[in-house]
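Keeping the supplied structure of chain A fixed, place chain B upon it in accordance with the hints.
For reference, the chains in residue letters:
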Amino acid sequence: MMDGNEVLRVLALARTDEVVVTTMSTAREWPRFSRREALDVPLLGCMGKASSLGLGIALARPERRVLVLDGDGSLLMNLGSLATVAGLAPGNFVHFVFENGTYDTTGGQPIPAAGVVDFAGLALEAGYRAAYEFDDLDELQAALPTILGEEGPILVDVKVEPGWSHSPFPRRGTAQALAELSAYFGF
Amino acid sequence: MALEPALTTRGMLDTLRELGVTHVVWLPDSESGFLYRALAESPDLHLVPIAREGEAVAIAAGLLAGGKRPVVIVQSTGFYESGDSLRGLAIDCRLPLLLLIGYRGYNPHGPTNDSAARFLEPVLKAWELPTSVLLSDADLHLVQRAYHQARQRPGPVAVLLGREYQA
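Just so you know, the protein sequences line up as chains A and B, in that order.
Sequential numbering from 1 applies to the first sequence in the working numbering.
Sequential numbering from 188 applies to the second sequence in the working numbering.
For the record, the hints were derived by calculation from the structure and aren't laboratory data.
Note that the coordinates shown come from a computational prediction; the quantities given were computed from them, not determined experimentally.
We put the CB at the ideal spot given by N, CA and C, even for glycine.
Just so you know, not all the hints are guaranteed correct.
Pair ranges (Cβ atoms, derived) [what the hints assert, rightly or not]:
hint, chain 1, residue 1, chain 2, residue 2, range
1, A, R36, B, P341, 20 to 28 Å
2, A, V117, B, Y267, 23 to 31 Å
3, B, Q339, A, G87, 32 to 40 Å
4, B, H296, A, P110, 50 to 58 Å
5, B, P309, A, A175, 22 to 30 Å
In isolation and in its complexed conformation, chain A is listed as follows (with noise of 0.2 Å):
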C-alpha cells in the first residue's frame, strides 16, 4: 500500500494542464502539491459525485483532460456513474480512485465490502476503456505519463493506507474553484 500524499506528489509531477476534481481526502491534501490552482475543483458539499463533476467539464471541455480524484467511500455513493461516463465515453476522462477501505474523513469506519469490492473490475464490467491498479508508488510513477495520455474513459485504483489524509479542508470552496475555472476557460 501506498501513503495517498505520495501518490499525490507524484500526479501533481505527472500533471501538465489537467483539470483535476478532488474531495473529501484528495480535496483535503490536493492544494499542498498542485501548481495549477485555477485547474483545480475541491468538491466539498455534495458527496460522492465528484465523478458525475468531472464528467460533465470532460463533455463541456472534450479539449482538455480531466482527472477526478475520487475516494473508494465516495464512488460507492455513485456506483452508476461508472455507467453513465462508460455510455457517453468521454477520451478525456481519467477516474482515479484512492481505495484504502475506509471512510477517512468521518474516523476511519470501514466501507461497504472493505477489501472485497473489485473497483477496476466494476469500472472494466461496465464499460470504461481500461482499468489499472497499483500499490507500488514507483510503478505508478512509471505508469502515469503513459496512462495521462491514453484514450479514456480510464479508471486507476490506487491502495493507499488508512488515514494517510490529516489537513483541514480547503478555504478555497467549490463556488469559487468553479469560478475561476469558467473564467479559465473565457466564460
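Leaving out everything else, chain B in the frame of chain A:
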C-alpha cells in the same frame, strides 16, 4: 367539448433551442418520456443520459464551468433523490440552472393522494427555489422566464411539468 391544449415535444425543444441550451441532462420519466426520441435525434441539443438523478446537478455544474448551457430534466421522485446535489452544488454554488421536473401525480383540478405530488411544491418552497407549473405549449413562456431568472439570480429555478408530453 373542446380539447385541452397539448404540451408537445416540438414546443419544448424549440423553446430550449431558442434559449441557447446545449445539453439536456436527463433520466426518463413518464412526463418527459416522449422527449427522448426527439432529443436523441437532435443534432444541436446534446442528450446526457444518467443512471440516477443525483448525478444530474453535478454533471450540469461541470458543463456550466466549461461554458455550456445545460438544463436538467428529472421526475419529482428523482428530484427528491438528488437533494444533496441540489443543496450542495446548485444552491450553495448559486448555479444558474433550470430544472424541468416531472410533476408525477399532479391534479390541476384538486388534491392528489400521490405524496410525490403533494410534497413537491412545499419542498421546493422550503429550498427557496422559484417555481412555476407548465401545463401546455401556451405556458412555454414560463420556461423562458425561468431560464432567464436562473441566470439573473444566479441560482436554480424549477419548472414543473404538470402533464405528459404528446409526441
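Evaluated hints:
| no. | hint | verdict |
| --- | --- | --- |
| 1 | A:R36 with B:P341: 20 to 28 Å | 26 Å, holds |
| 2 | A:V117 with B:Y267: 23 to 31 Å | 27 Å, holds |
| 3 | B:Q339 with A:G87: 32 to 40 Å | 34 Å, holds |
| 4 | B:H296 with A:P110: 50 to 58 Å | 52 Å, holds |
| 5 | B:P309 with A:A175: 22 to 30 Å | 27 Å, holds |
The structure meets every hint from the earlier list without exception.
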